[in-house]
Every structure is written in C-alpha cells, then in structure tokens.
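Engineer: Respectively, the protein sequence lines represent chains P and F.
All the letters of the first sequence, read from the start, carry residue numbers 1 to 349 under our numbering.
All the letters of the second sequence, read from the start, carry residue numbers 350 to 547 under our numbering.
Some hints here could point you the wrong way.
Unchecked claim - Result set (DSBU-like, lysine-lysine): computed pairs, CA atoms no more than 30 Å apart in a straight line:
id, chain 1, residue 1, chain 2, residue 2
1, F, Lys486, P, Lys72
2, F, Lys464, P, Lys95
3, P, Lys72, F, Lys464
4, F, Lys507, P, Lys161
5, P, Lys161, F, Lys433
6, F, Lys464, P, Lys94
7, P, Lys181, F, Lys485
8, P, Lys161, F, Lys496
The set of hints was computed from the structure by calculation and includes no laboratory data.
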Amino acid sequence: MSLRKLFVALFLLAFAFCPLALAQSVRPPDNAVNQSAGERAGVSNTLGSNSQSDYWRNLRGGVRGTVSIPDKNAGVMVQSEGWHWMLVRNGPLKKYGGYALGGVVALLVIFFLLRGSIKVESGLSGVKVLRFGAIARFGHWLNAIAFVALALTGLSLLYGKSVLLPIMGPHAFAALSSGAKFIHNWGAYLFIIGIIWIFLAFVKKNLPAKEDIIWIAKAGGLLTKGVHPPARFFNFGEKFVFWSVVLCGTGVIITGLALLFPFQLDFIPGELPVHKMQFASLWHAILALYLIVVVIGHIYIGTVGIEGSLDGMKTGYVDRNWAREHHSLWLEQLESHSNQKKAAGELAE
Amino acid sequence: MARMKFLCDAERCIECNSCVTACKNEHEVPWGINRRRVVTLNDGEPGERSISVACMHCSDAPCMAVCPVDCFYQTSDGIVLHNKDLCIGCGYCFFACPFGAPQYPQSGNFGSRGKMDKCTFCAGGPEEDNSAAEFKKYGRNRIAEGKLPICAEMCSTKALLAGDGDIVSNIYRERIVGRGFGSGAWGWGRAYPAGTSG
Chain P
1 MSLRKLFVAL FLLAFAFCPL ALAQSVRPPD NAVNQSAGER AGVSNTLGSN SQSDYWRNLR
61 GGVRGTVSIP DKNAGVMVQS EGWHWMLVRN GPLKKYGGYA LGGVVALLVI FFLLRGSIKV
121 ESGLSGVKVL RFGAIARFGH WLNAIAFVAL ALTGLSLLYG KSVLLPIMGP HAFAALSSGA
181 KFIHNWGAYL FIIGIIWIFL AFVKKNLPAK EDIIWIAKAG GLLTKGVHPP ARFFNFGEKF
241 VFWSVVLCGT GVIITGLALL FPFQLDFIPG ELPVHKMQFA SLWHAILALY LIVVVIGHIY
301 IGTVGIEGSL DGMKTGYVDR NWAREHHSLW LEQLESHSNQ KKAAGELAE
Chain F
350 MARMKFLCDA ERCIECNSCV TACKNEHEVP WGINRRRVVT LNDGEPGERS ISVACMHCSD
410 APCMAVCPVD CFYQTSDGIV LHNKDLCIGC GYCFFACPFG APQYPQSGNF GSRGKMDKCT
470 FCAGGPEEDN SAAEFKKYGR NRIAEGKLPI CAEMCSTKAL LAGDGDIVSN IYRERIVGRG
530 FGSGAWGWGR AYPAGTSG
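The following block holds chain P by itself, in its conformation from the complex (with noise of 0.2 Å):
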C-alpha cells in the first residue's frame, strides 16, 4: 500500500472514531491514580530524573539551538568569547597601550632633554639636494594626514571615555566621538591609497642593505655626538619605520576594513561574525597602538629631532651637508652620478 493511501485510510479512521471520543467524559477513568510528585520521577522528563547542569553549562560554550527568526546565528545562546574580549579590551590592550604612549613621549623627552636637536655639525652649506620628488611627498602627506586623523579619532575611542568625557560631558563627547567615527571610517580609504602610494614610491629603497647592520651597531649615531654611520638613500632607521608602517598597515587595514564591513567581508577567522569582529577589533587596536607608538618616534625625529630633516619632505630639497652627514652613500652615489651629467633630480625621485 502507498504511503498516501495508508494517510487516507489512517484519516477516515480517525474519522469514524470521532463521535465516540467526542462523547468520552473528561473526568479521569476509574482506574487512574493521582501521582505524587516522588512517584513520576524517570519518565516525565525527556532529560532524566537528574541534574542536567552539564545540559545548561554547555550553553556556555556555545551550543546553537534554532530559531525562527530570520538571524540563524541568534540560535547561540551565549557566546562567552565576548567576555574574554571585553576583559582585553578593557584590560591589558588599554593598560600597555597607555603604558607604551606615554612611554614612547616620556623616553623622547628625556632623548631632547640629554641630547637635543641634533644639528648639522658641519653646518648648513646653502647647497641644496633634490631628495624627495613631488610623487613621493604627496604620497608621504597623505598617509601622514590620513594616518593622524585616524590615529586621533582611534584614541578617542580607546581613551576618550576616561580621558575626554569626564571633561567634555556626556553629551558633547558623543558628539566628538559621533564625528571621530565618521573621520575614521571614511579616512580609512585615504589610508589606503596612500599605503599603496608609498610602498610604490619608496620599495626599492628600503630593501634591506649591509650598511644596515653598521647603522644598528652605531645605533644610528643617535646616542654619541660626532658619529654618522654610512647609509643609503634610507638608514636602518627608516627602512624601520617604513616596514612598520607598510606590514602592519596592511594589518590594520585588513583587520579595518572586515570591520567596516561586519556582515559583508569574510576573511577573518572565527564560528560567528560576531567572533570575528571581536578577533578584528583587537589585532585592529593592538596594531594601530604599535604604529602610533613608531609614528610618534618617526615625527620626532623628521621635526626636533634632526635638524634639517624635514625640509626633504617639505621642500623636497636637503642640504648638501645634511645629506652628507645622514646618508653618505646616497650622496656619493648622487653626485657621481650627476658628474656624468644626469640629473640628479630623476635619481633623487
């Protein structure tokens, strides 16, 4: 007999049973008993007469059960990993974030205070040398723009409540931090290109070189006066930041960009978005906080630090004695070159 004829014979039977239980009586039959609650123990409950808090504590773990709801994630009950993420966040990510800032400013003050800016010691000549070209410090200003508009509304997100709030009060802060947001999320785009930009721009010249090591072993000449360890177009020091910047830019992009598009971008690892957005979020701040940290150091540096260094990026232009002192090889190599007639200017881009 077909599945379907057996339904129809099953209905039609129900059906002609139908008048008899409609005329059962809804008092209880002679022969049932009243149960005591003692007595049902076993069979009543679909879990067991005991206790089943194995059954709920393994909700904590995050066991799915369905829903009905359109969400099929909602089905996990408790997601516990949301906790542990708060605790870091909270935690240590603020704690050594805020250590490591204030250490970087704290360690440069002293560096000033002992060691001042350091000057060009054979003094400025007035002969100028083509260092950066257009391309490059337009590329350079805007990942330098875009990265301290991000860095600052960054901050604001991880310090702003314990820091600008009790200032600013409720109302005007989430304003600020209504607008840091937006900055943040649209000057994102901006770091990017400008990522891309400068490792196009500056690649080839910050390949590693055996230079290199001299210039780490003299650390830079930045602690003893008098001492110009020979570099490139790049010393160790930059090569530094540039990598820096480059690897773990690509980082914070990543891990940004899978935040800007929670539900939409799926490269980060993790069961929920929910745990990849938690997953994102750190490695995002933890990232950023490094950079920030070298960031700090590079300005420093391109500013107070070493006199004359930031007019190649300003200007595009160094002076002579300034490139002799920093980046001798460079030099050598610039003027060799421009002795047999070629200009300068394309090598320098």
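We have chain P already, so just place chain F on it with the hints.
Structural biologist: Relative to chain P, chain F alone:
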C-alpha cells in the same frame, strides 16, 4: 528596592514565540531587529528545550563596561537602559554581550550601523516617561505605568517570568520542589544517569 530580573523556565517554554511577537508589537520594533528571541535546543530530539532570550539586564553589564561613549545606565531597579542620543553605533556592546541582545538598524549602505536597539525591560529610556519621543526611540514604558514586561505578561505557559527577582525566584523554587526532579547538583547527570539505581 526591587531588583528586576528575567527568568525563563525551560520546562515550560513551548516555543510559541508569543513573547517575540508581543515585544515587536508593543514597542513597534523596526524590521530586522528582535529584542527577544526563542532558542530551541536539540530541536526535534529527546531532551528538546526552548528558552526565550533577551537582554538579561546584568548586574555587571559588559555592554556598559565597553561602551566608548558611556551611553548606558542602570536604573535603581537594576534595569540596564541606554541613551540613543549618545550612541554612535560602534558595535562594541554587540561584541561584548553574551546573550546577543544589542542590535542595530542599518542606517546606510554597506551595513553601517544606526543607533543600538535592545530590550528595555519595557522601561523606555531617558526621555520623559511615556512621551512620544520615548516611545519612538525605545518603545513603551510599561514599568512607568506600573506594569511588568509584555513578553512575560503574555507568556501562555508562564515560562517567562519578569519582575522582582525575589518573587521570581520564589515562584521558580516552588515549581522545582513540585516537580521533584533535577536536584541541580553538579555532576549528578553524569555520575548517576537516569535508569540506574540512582
């Protein structure tokens, strides 16, 4: 002062989703947001249980701890509420909440988040009680009207209890005693499974 709590009795919940529907209707919750949901565990298998979940109004609420603009506040009844005028839609409370309570309406393209929305224990928000502004942002303020949350009031099996935590736990305790099973002791389910001499 009473400490307001939710309790869902998994032995009673029949997954009718009335709480979900009642909540959406009472507060006119926008599309895509469910302040309350019913999760069914082991659906269709022996030991199936359903639980209605929403914001649990935690004593030490993770959402409050991570909010970068400090938009949350806890009432003297222990209800965790938030100020949508301050919320910037960063998503942090959603990352932190164990119960998945905070949700965001989509405010623009590419999934950008609007102001966070979550269960208010039917207690509205910082606006004037039962004002139009409060209703628009947070839904009805039943607590101010002297009523308890609509989800629990509507519950057909009285599985979902809401109100003074002491009263809620007393009701639950009476039920547990009456059922006469589930000592709640850790490890018993594994050590002395049903069907053995116990």
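Engineer: Hints first: check each against the structure and report whether it holds.
Structural biologist: Results of checking the hints against the structure:
Distance hint between Lys486 (chain F) and Lys72 (chain P) is fulfilled; the C-alpha atoms sit about 26 Å from each other, no more than 30 Å. The straight-line distance between the Cα atoms of Lys464 (chain F) and Lys95 (chain P) is roughly 28 Å, inside the 30 Å bound, and the hint therefore holds. Distance restraint check for Lys72 (chain P) and Lys464 (chain F): the Cα-Cα separation of roughly 22 Å lies within the 30 Å cut-off, and the hinted pair is therefore satisfied. Taking the CA atoms of Lys507 (chain F) and Lys161 (chain P), the gap is about 41 Å. The hint is violated against a cut of 30 Å.
At roughly 17 Å between alpha-carbon atoms, Lys161 (chain P) and Lys433 (chain F) fall within 30 Å of each other, so this suggested pair holds. For a cut-off of 30 Å, the pair hint linking Lys464 (chain F) to Lys94 (chain P) stands: about 25 Å separates their Cα positions. A distance of roughly 25 Å separates the Cα atoms of Lys181 (chain P) and Lys485 (chain F); the hinted pair therefore holds under the 30 Å criterion. Taking the CA atoms of Lys161 (chain P) and Lys496 (chain F), the gap is near 35 Å; set against the 30 Å cutoff, the hint is violated.
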